[in-house]
Amino acid sequence: MTAVTDQDHTERADQPGDADKAGAAEHPSSKAPENAPENAPENGSEGMPDGDFSSRMDPRADPRADPRADPRADPRADSRTDSRTDSSGTWDDGLIARRVDETTGGNQYAVMDSRTAAPPAVSPLVYDRPLRSRLEALRELVGLSRTRLDSRTLAEAGRVLDEASARRRLSGQHTVVAIAGATGSGKSQLFNALAGVAISETGVRRPTTAAPIACSWSDGAASLIERLGIPPRLRRRPLPTGDGDSQLRGLVLIDLPDHDSAAVQHREHVDRILALVDAVIWVVDPEKYADAVLHERYLRPMAAHAEVMFVVLNQIDRLPGEATEQVLDDLRRLLDEDGIALGEYGEPGTTVLALSGLTGDGVGELREALGQFVAERAAPARRISADVDIAAARLWPVYATQRRTGLSEQAREEFADRLADAVGATAAGEAAERAWLRNANRACGTPWLRLWRWYQDRGEPTTGRLPSRAQADEEATARQRVEQAVRTVADRASAGLPTPWAQAVREAAVRGSQGLPEALDELSVRAGVPTGRPPRPGWWPMAVLSQASMTILQFLGGLWLLGQIVGVMSPNLGVPVLLMVIGIVGGPLIEWGCRMAARGPARRYGLEAERRLREAAAGCGRARVLDPVAAELLRYREVREQYGRVVGAGS
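Taking the working numbering, the leading residue of the sequence shown gets 1, the next gets one more, and so forth.
Just so you know, these hints were derived from the structure itself, not from any lab. As the structure is a computational prediction, the values presented were derived from the model and not from experiment. One or more hints might be untrue.
Derived DEER-like restraints, expressed as beta-carbon distance ranges [stated by the list, open to error]:
id : residue 1 : residue 2 : range
1  : Arg404    : Arg169    : 38 to 48 Å
2  : Ala375    : Arg129    : 46 to 56 Å
3  : Ala155    : Arg526    : 46 to 56 Å
4  : Ser408    : Val585    : 55 to 65 Å
Ideal Cβ placement from N, Cα and C applies to all residues, glycine included.
Take the sequences, apply the hints, and build the full model.
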């Protein structure tokens, strides 16, 4: 007969003053034997004093283990059950722990009290290098994305990191496997068959399993079970009976409530524990193996966990002839449609088996497969790796892109050109060129032309040349050009990025554009048309001297002619007329030649002024807009690189 013990040496049974003691106090006849510890629970399912196993295994040593005993004949049974229910307010397995399984001949399992023993030493779980690298990359990814993505988007990744860290600190010598299934699928019956003792209650009442029950085949699993939130009163351990138990050494088996239970609390238990266990045995029956709830809510979302899942077709004793193979084939087809890889022909994937928990047919095969699975000790790492795969798949829309992203050199140059147009860099260069030419004309022109221009400038009004309305319109136009330039560069920089990062790039550009028009206005004043006279080239003095010579010749010719008219000088018209013609014609010719010679230097002077203003505008736009945008793009490239490591592209 197989006996069952408390889960771990570190676990304590119900504390003094619990429901069992309350029941014992009400019924003095239910006091423990004199040789029993004072605080030992009376019910065999809660704990027994340390001592000889044979005395507890022998029905003669314990009248309560006699299969002929009627539990109704003991008034303590009802009192203890009621007191346990009233004291806890929740369902507990006191009834199950005392119930006699008729199918096993009435063998009642015992529970060993080992509260005084020291906790066994266990080695923590160690992840391999690729998985550690992926977890580190996921942690970096979450850290870099907290200010760019909302908490709901990163919630799954954060949960995976927390669970991976928590599981790594626990035992690496144990594998936690949950048995899940629908109502009436026979998962509790299979749980008992694997344990070799009736631990979980079975029956026609639905739902039968109301709370998860844990069964461990070795010490050191207490912290793992505590992580699942299973109280000590629902923890069991089969006593070693032979090779079958050593085959499952390191296994922690969890019997879950029905995933389709009408009780919401039962479904919450299932969802919570399924997210924490290392592997799952899905038990289906010939009637509900194609249930849409099972496939859509559980199997399809867990397709990435194929290597840590078993799918068991139970109750094959109800199928006639070749119907078992037909149902198995259809079950494999449904699993394939769910995207679950099947572990066939030596390939990694889900193991699909057919068995009968009632007759025991196929249970040995499952036990052997489960023993080999536990002996590999790879399930926890595979589970975490699959969780990382799922988290990465959910993050794909916010990190992945199918096109090249970033700011091209052409986009940067176009942005600088738009800002230069907004500040009027071209117009400023042209104005500088005209100023240089005007200065050259004034320096190299004829005195008569310069006198005429002075007279025209003096006669024109000094006000009303540039209406204030036109100046306001130019400022508004310049502001619109700046805003358009910022929008254009933001759109080009964010093109192809996932929505959160594209939004971050646009926001960075908009923040940088605040105050940009005013800054450009100041630059146009400082770096615009230079104040004062343009620099004079070396040939200007020669041109001025030549113009003075031509003017002197005109004066000499005129005075000579005047002297001849007055009679002071002898008549001779040729020489004075020639001097006057040379002076009159030579002056404009010298002015024209100087104007031609001044075009090159004036053009260079204007281009230099335009270049300075363009560079100043581009520098202002780069510091305020392009640099923040480039920083966001660099952050995206960093997270994209980390995302590649998470999905395994960089490993």
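Outcome of the hint check:
Remark: the range hint 38 to 48 Å for Arg404 to Arg169 is upheld by a beta-carbon distance near 43 Å. With their beta carbons about 22 Å apart, Ala375 and Arg129 fall outside the hinted range of 46 to 56 Å. A C-beta distance of roughly 52 Å is found between Ala155 and Arg526, which places it inside the suggested range of 46 to 56 Å. For Ser408 and Val585, the Cβ-Cβ distance of about 59 Å falls inside the hinted range of 55 to 65 Å, so the restraint holds.
Checked against the numbered hints above, the structure violates only hint 2.
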